[in-house]
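Turn these sequences into a full structure, and let the hints guide you.
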Amino acid sequence: MSEPDWTLIAEVELATAPDRVAAFAAAVGGTGVEADDRVPATFAFTVLSRPEILGALESVAADRSAVLVHQAQQFRYEQALEVGRPYQVAVDWRRNPDRGDRIVVRGRVRDAAGRHCQEFLADIVLFENRRADGAGS
Amino acid sequence: MSEAAFPVGHKFADTAPALLDAARVAAYADASGDRNPIHLDEDAARAAGLPGTIVHGMLMMGHFERALRGWLPGTDIRSLQIRFLRPLAVGARMTISGRVAKLLPGEVPEMIVRLTVQDDAGQSVSIGDATVRAGNI
Chain A
1 MSEPDWTLIA EVELATAPDR VAAFAAAVGG TGVEADDRVP ATFAFTVLSR PEILGALESV
61 AADRSAVLVH QAQQFRYEQA LEVGRPYQVA VDWRRNPDRG DRIVVRGRVR DAAGRHCQEF
121 LADIVLFENR RADGAGS
Chain B
1 MSEAAFPVGH KFADTAPALL DAARVAAYAD ASGDRNPIHL DEDAARAAGL PGTIVHGMLM
61 MGHFERALRG WLPGTDIRSL QIRFLRPLAV GARMTISGRV AKLLPGEVPE MIVRLTVQDD
121 AGQSVSIGDA TVRAGNI
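Protein sequence lines correspond, in order, to chains A and B.
Taking my numbering, the leading residue of the first sequence gets 1, the next gets one more, and so forth.
Taking my numbering, the leading residue of the second sequence gets 1, the next gets one more, and so forth.
One should not assume that every hint holds.
Stated by the list, open to error - Okay, the calculated beta carbon distance ranges per label pair:
no.	chain 1	residue 1	chain 2	residue 2	range
1	B	Q123	A	W6	35 to 45 Å
2	A	E128	B	K11	19 to 29 Å
3	A	E52	B	A5	42 to 52 Å
Unchecked claim - Pairs of lysine to any residue residues, derived as SDA-like cross-links and limited to a Cα-Cα distance of at most 25 Å, are as follows:
no.	chain 1	residue 1	chain 2	residue 2
4	B	K11	B	L104
5	B	K11	B	K102
6	B	K102	A	Q74
7	B	K102	A	E119
8	B	K102	A	L121
9	B	K102	B	H10
10	B	K11	B	R66
11	B	K102	A	Y77
12	B	K102	B	D21
13	B	K102	A	E78
14	B	K11	A	R76
15	B	K102	B	L19
16	B	K11	B	T95
17	B	K11	B	L50
18	B	K11	B	R78
19	B	K102	A	V67
20	B	K102	B	A26
21	B	K11	B	I112
22	B	K11	B	A134
23	B	K102	B	A121
24	B	K11	B	G122
25	B	K11	A	E119
26	B	K11	A	G30
27	B	K102	A	Q79
28	B	K102	A	E11
29	B	K102	B	A13
30	B	K102	B	T131
31	B	K11	B	D76
32	B	K102	B	A44
33	B	K102	B	R66
34	B	K102	B	G74
I should point out that these hints are in silico values taken from the structure, not numbers from a laboratory.
Glycine included, C-beta positions come from ideal geometry on N, C-alpha and C.
Structure (structure tokens):
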């Protein structure tokens with residue numbers, strides 16, 4: 001459930017199947033076979049690429065004829081994610097009250113027992129002039 | 001607490017330059033699901049106002065974890081954050097620098113490691129920090 005000012009986009013499952021996690025770990029510079037069946041620290045962010053979430057964010061940007069530019073990212077961890085276990089991620093967003101061209105997208109990850117595992121926050125600029133003078137995506 | 005193994009100001013060895021070429025970026029796109037064409041298609045990147053395809057910001061951030069675990073084996077990462085300063089062109093090499101910015105005493109001591117991502121020219125493309133716990137802090 002979202003708090004005031006936060007608009008829920010979706011609650012989605014975060015699958016941590018071994019092959020998927022291994023491919024991600026290898027892509028971010030690991031061997032693909034990490035110790036302790038550990039899921040890479042930034043893996044949960046991948047839920048933002050889900051069509052229902054990306055589509056909702058692109059709709060927010062489209063209202064301003066803008067594109068999404070990822071400006072900053074943070075994660076706070078309570079407990080490590082384990083390979084092969086199911087997790088739920090509640091994804092919501094809010095506008096930056098001080099900057100009309102900024103939004104924050106939040107993901108809160110819980111395990112099957114409902115325990116909070118981690119939270120991530122993405123600062124996103126709704127970039128309107130299609131000139132790229134900052135930032136990755 | 002005994003003398004810190006890594007005092008404030010301690011600089012970790014820079015990571016070996018990592019080549020983030022089209023194959024690495026494509027592998028990250030597949031593993032993360034982020035197939036935004038500005039990372040994969042030169043024409044689409046130019047149409048978006050970029051000089052060419054750019055590396056996913058989250059691919060850079062993903063490398064933070066490997067750097068931290070290389071410097072501090074067995075470390076427990078409590079938080080990670082990054083700010084994307086400028087795009088990194090596909091085909092560039094990335095180096096991560098780390099420096100102890102702050103020690104946080106407590107029952108379980110923590111430290112804040114300041115992280116900088118530089119391109120081939122030594123220009124900072126991203127900055128961030130990590131809060132970590134390790135037995136030898």
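Hints versus structure:
1. B/Q123 - A/W6: 35 to 45 Å: holds, 36 Å
2. A/E128 - B/K11: 19 to 29 Å: Given a distance of about 40 Å, which is not inside 19 to 29 Å, the answer is violated.
3. A/E52 - B/A5: 42 to 52 Å: holds, 46 Å
4. B/K11 - B/L104: holds, 17 Å
5. B/K11 - B/K102: holds, 12 Å
6. B/K102 - A/Q74: holds, 18 Å
7. B/K102 - A/E119: holds, 23 Å
8. B/K102 - A/L121: With Cα atoms ~23 Å apart, B/K102 and A/L121 stay inside 25 Å; holds.
9. B/K102 - B/H10: The given pair, whose Cα atoms are some 10 Å apart, holds under the 25 Å limit.
10. B/K11 - B/R66: holds, 16 Å
11. B/K102 - A/Y77: holds, 19 Å
12. B/K102 - B/D21: violated, 34 Å
13. B/K102 - A/E78: Holds, at roughly 21 Å.
14. B/K11 - A/R76: Holds. B/K11 to A/R76 sits at ~24 Å (cutoff 25 Å).
15. B/K102 - B/L19: Not satisfied, since the Cα-Cα distance of roughly 30 Å exceeds 25 Å.
16. B/K11 - B/T95: holds, 14 Å
17. B/K11 - B/L50: Distance of about 34 Å is beyond 25 Å: violated.
18. B/K11 - B/R78: The hint holds at about 20 Å.
19. B/K102 - A/V67: Given pair B/K102, A/V67 is violated - Cα atoms ~37 Å apart, limit 25 Å.
20. B/K102 - B/A26: Between B/K102 and B/A26 the Cα gap is close to 36 Å, so the pair fails against 25 Å, i.e. violated.
21. B/K11 - B/I112: holds, 12 Å
22. B/K11 - B/A134: It holds: about 16 Å lies between the C-alpha atoms, which stays within 25 Å.
23. B/K102 - B/A121: violated, 28 Å
24. B/K11 - B/G122: holds, 17 Å
25. B/K11 - A/E119: Violated, because 29 Å separates the two Cα atoms, which is more than 25 Å.
26. B/K11 - A/G30: holds, 22 Å
27. B/K102 - A/Q79: holds, 23 Å
28. B/K102 - A/E11: Distance of about 36 Å is beyond 25 Å: violated.
29. B/K102 - B/A13: Status holds; Cα separation ~18 Å.
30. B/K102 - B/T131: holds, 9 Å
31. B/K11 - B/D76: Roughly 19 Å separates the two Cα atoms, so the pair holds.
32. B/K102 - B/A44: Given pair B/K102, B/A44 is violated - Cα atoms ~42 Å apart, limit 25 Å.
33. B/K102 - B/R66: holds, 20 Å
34. B/K102 - B/G74: holds, 19 Å
When each numbered hint is compared with the structure, violations occur for hints 2, 12, 15, 17, 19, 20, 23, 25, 28, 32.
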